[in-house]
Structures are given as structure tokens and as C-alpha cells.
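A.B. asks: Make the full structure from the sequences, and use the hints.
FYI, the numbering for the sequence shown is 1 to 269, going by the working numbering.
Careful, some of the hints might be misleading.
Quick list of the computed label-pair ranges, beta carbon to beta carbon [stated by the list, open to error]:
| no. | residue 1 | residue 2 | range |
| --- | --- | --- | --- |
| 1 | K58 | Q136 | 36 to 42 Å |
| 2 | E105 | S132 | 21 to 27 Å |
| 3 | I5 | S51 | 15 to 21 Å |
| 4 | S134 | D27 | 32 to 38 Å |
| 5 | F201 | S18 | 29 to 35 Å |
| 6 | E226 | K158 | 24 to 30 Å |
| 7 | L220 | Q136 | 27 to 33 Å |
| 8 | L57 | I8 | 15 to 21 Å |
| 9 | K55 | A130 | 37 to 43 Å |
| 10 | P129 | V69 | 23 to 29 Å |
| 11 | Y139 | W46 | 15 to 21 Å |
| 12 | S181 | S18 | 18 to 24 Å |
| 13 | D26 | L57 | 24 to 30 Å |
| 14 | K158 | S33 | 15 to 21 Å |
Derived lysine-lysine pairs resembling BS3-like cross-links, with alpha carbons at most 30 Å apart [stated by the list, open to error]:
| no. | residue 1 | residue 2 |
| --- | --- | --- |
| 15 | K211 | K183 |
| 16 | K98 | K117 |
| 17 | K211 | K32 |
| 18 | K55 | K67 |
| 19 | K169 | K41 |
| 20 | K58 | K227 |
| 21 | K211 | K11 |
| 22 | K227 | K211 |
| 23 | K41 | K158 |
| 24 | K11 | K55 |
| 25 | K94 | K11 |
| 26 | K98 | K67 |
| 27 | K9 | K80 |
| 28 | K227 | K67 |
| 29 | K41 | K58 |
| 30 | K94 | K80 |
| 31 | K67 | K32 |
| 32 | K169 | K42 |
| 33 | K217 | K72 |
| 34 | K42 | K183 |
| 35 | K11 | K224 |
| 36 | K176 | K217 |
| 37 | K41 | K80 |
Everything labelled a hint here was simulated from the structure, so no lab data went into it.
For each residue, glycine too, the CB sits at the ideal point set by N, CA and C.
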Amino acid sequence: MVPPIIIIKGKIRIVCYSGSINLFYDDEQITKSPGLSVAIKKLGNWVDSSSARWKILKSGIDFVEMKAVIPKSGIEQFWKLAIDDGSRISCQVKLRTKRLVSIEEVSFAGFLDHRYKAWFCDHLVSDFPAFSESWQDLYSGDRPVSLLGVRFPIEGAKLVSLALDPEDKDLLPFVKNSPSSGKSHIIGFTPNQFRSEVDCFPGVYRIFSGKIFLFDKDHLLDEKIEKIRDGFLGSAIKKNMHKSMPRQGRILLANLPWQRDGMWGVRAG
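C.D. replies: Here's what the structure looks like:
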């Protein structure tokens, strides 16, 4: 068994041990095992990072590079994690296939503490429902997004907000609840090329590359979401400008809040 690897900078600590990659902020654990994970569906069965054989390739005070080999699969995972500063982590995950492999689906996910009350995807926000005995698919996006995360811990929980900020533009977001036995909120991405079965020839495939932000002040996250919302509204305005209108007409725009089925956000009107 590979001994624990701990990297740290400021209030952020990442512990890699026994197939789990767990995040801590100010000594409070944010994730639940397996923490950050890549799951691969092959021949109808899911296999995740926790079942792989791990090897440390490089490590320092605030960075680590690892390889995870899934036995008898012909698939290897390569992980790079670096704590950039006191609120941001760089994360990159790649798959390498050593032979022709048929893969049905791949996902990159973070298993988060059950005490978070809400999830957000760009400017869309929704509450987590109560856990049940089965898996719950809460959200599955059909377009790339800029920000996916969790926030608003229950009273008394010293949890900071967390957001995934992908660099890749072909990642589709999802949000789930684990069964009550595991009691984890799960957010993550599926690469568009791995949404359905694909034959992977020997080579390297990028699964996730981006940042993980930890916000100990709500207004910092609010500012980031506001910029995304403004961009969304700007795009909607430009789209409407292409429609015919009287030459002397005037357009008045307002930001209108909406709420439906436990979700809320803002639209242009």
C-alpha cells in the first residue's frame, strides 16, 4: 500500500491515501472518500479510482503527480494536483489506454460532505433533496459550463464553498446524491466523447483539466457567478438584436428572478 501523501499550502491540505483524494480547508474535511475520483464504465460495470493500484511519480510540498493502474483493464490514470494559492487548486486527469479498449462512459467527480445544502451550475442554483436508499440523478447538463459547485452548509458546519472551473469546453456537468448509506453529494463532469460507448485506440485521453476553487467568503463566489450571469444575459441580448424591430423602437431590459421545482435563477426580460 502506498503511504499517505499530504500536500499543503495556506489553509488547503490534500491527502492522497489508499485510493482516495480528500480535500481539507482550515482542518475541516470537505470531501468524503473517495473524494476526487474518475469512474470508468466498461462491459456494463463501473470501476473507479479507489480500486486502482496507485504509484507516486513526483511530489513536493504543494504538488503531486500520480499514476493509477486499473488491474486487467489496459487503462491507466494520470493525476496532477497542485495547490496554486490559498484558495485554488490545479487539477489535471488523463487516461492512457495501452491497447484497444471499449469504454462505455467516463466521469470525473467530487464526493462532497453531506452538510452542504445547495448546488449551483453557472447561474442556476438548487437545493439538495433528502437522501434516499438509491442513487439520485439531480441534474445532467447538455452544454459545457463555466462553474459547478456546492455552497450553503448547514448551520454550525465550518465548510467553505467549492467550485469546479473546467478549462475544457467539451465537459458536460452532472449532480447526484449517493444512497443514504454513503451520504455524499456528488458533482462532476462527463467528457462529451465518453457519453456513449467508444473504442479507444492506444493513446492518451484528457478527462479533466481545470481549477478547484475554495471560497471562505460568499461574496467572492457571488462575484464570480455574477460575471457568468452577465455574460449569459449579454448573449441573450445579442441574440434578440437579430430579430426585427422598429427602427425607432426602444428596448427596456430587466433582470427577472424565477423559481421552479426548487431551482432558481435570473433571466433577461
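A.B. asks: Run every hint past the structure and note whether it holds.
C.D. replies: Now the hints, each set against the structure:
For the hinted restraint 36 to 42 Å between K58 and Q136, the CB-CB distance of approximately 38 Å keeps it satisfied. For the hinted restraint 21 to 27 Å between E105 and S132, the CB-CB distance of approximately 23 Å keeps it satisfied. Our hint of 15 to 21 Å for I5 and S51 holds, since their Cβ atoms are close to 18 Å apart. Look at S134 against D27: about 33 Å separates their beta carbons, and that is inside 32 to 38 Å.
In this structure the hint that F201 and S18 lie 29 to 35 Å apart at CB holds, the actual value being about 32 Å. Range check, E226 to K158: about 25 Å between beta-carbon atoms, so the 24 to 30 Å window is met. Hint check: L220 to Q136, Cβ distance near 29 Å, so the stated range 27 to 33 Å holds. The supplied range of 15 to 21 Å is met by L57 and I8, whose beta-carbon atoms lie about 19 Å from each other.
Between K55 and A130 the Cβ separation comes to about 40 Å, which falls inside the hinted range of 37 to 43 Å. Restraint check, P129 to V69: a C-beta distance of roughly 37 Å breaks the suggested window 23 to 29 Å. At about 19 Å, the beta-carbon gap between Y139 and W46 stays in the expected band of 15 to 21 Å. For S181 and S18, the Cβ-Cβ distance of about 20 Å falls inside the hinted range of 18 to 24 Å, so the restraint holds.
For the pair D26 and L57, the beta carbons lie near 29 Å from each other, so the given range of 24 to 30 Å is met. Our hint of 15 to 21 Å for K158 and S33 holds, since their Cβ atoms are close to 19 Å apart. Among the hinted pairs, K211 with K183 is consistent with the structure: their alpha-carbon atoms are about 25 Å apart, no more than 30 Å. For the given pair, K98 sits about 42 Å from K117 by alpha-carbon distance, which is inconsistent with the 30 Å threshold.
Using a Cα cut-off of 30 Å, the hinted pair K211 and K32 holds, with the two alpha carbons roughly 19 Å apart. Distance check on the hinted pair: K55 and K67 sit about 5 Å apart at the alpha-carbon level, within 30 Å; holds. Of the pairs offered as hints, the one joining K169 and K41 holds, with about 22 Å between alpha carbons and a cut-off of 30 Å not exceeded. Pair hint K58 plus K227 does not hold up; C-alpha atoms about 37 Å apart against a cutoff of 30 Å.
For a cut-off of 30 Å, the pair hint linking K211 to K11 stands: about 17 Å separates their Cα positions. A hinted pair counts as satisfied when its Cα atoms are at most 30 Å apart, and K227 with K211 qualifies at roughly 17 Å. Between K41 and K158 the alpha-carbon distance is near 35 Å, which puts this suggested pair outside the 30 Å criterion. Restraint check for K11 and K55: the C-alpha separation of about 26 Å stays at or below 30 Å, so the hint holds.
Distance check on the hinted pair: K94 and K11 sit about 27 Å apart at the alpha-carbon level, within 30 Å; holds. Distance check on the hinted pair: K98 and K67 sit about 14 Å apart at the alpha-carbon level, within 30 Å; holds. Our distance criterion of 30 Å between C-alpha atoms is met by K9 and K80, whose separation comes to about 16 Å. Proximity of K227 to K67 is assessed by CA-CA distance (about 36 Å); at most 30 Å being required, the pair is judged violated.
For a cut-off of 30 Å, the pair hint linking K41 to K58 stands: about 28 Å separates their Cα positions. For the hint pairing K94 with K80, the CA-to-CA distance comes to about 9 Å; that is within 30 Å, so the pair holds. A C-alpha spacing of about 21 Å is found between K67 and K32, which places the hinted pair at or below 30 Å, so the restraint holds. The hinted pair formed by K169 and K42 meets the criterion: a straight-line CA distance of about 24 Å does not exceed 30 Å.
Among the hinted pairs, K217 with K72 is inconsistent with the structure: their alpha-carbon atoms are about 45 Å apart, more than 30 Å. As the CA atoms of K42 and K183 are separated by approximately 25 Å, the hinted pair is consistent with the 30 Å bound. Using a Cα cut-off of 30 Å, the hinted pair K11 and K224 holds, with the two alpha carbons roughly 21 Å apart. Distance hint between K176 and K217 is fulfilled; the C-alpha atoms sit about 25 Å from each other, no more than 30 Å.
For the hint pairing K41 with K80, the CA-to-CA distance comes to about 22 Å; that is within 30 Å, so the pair holds.
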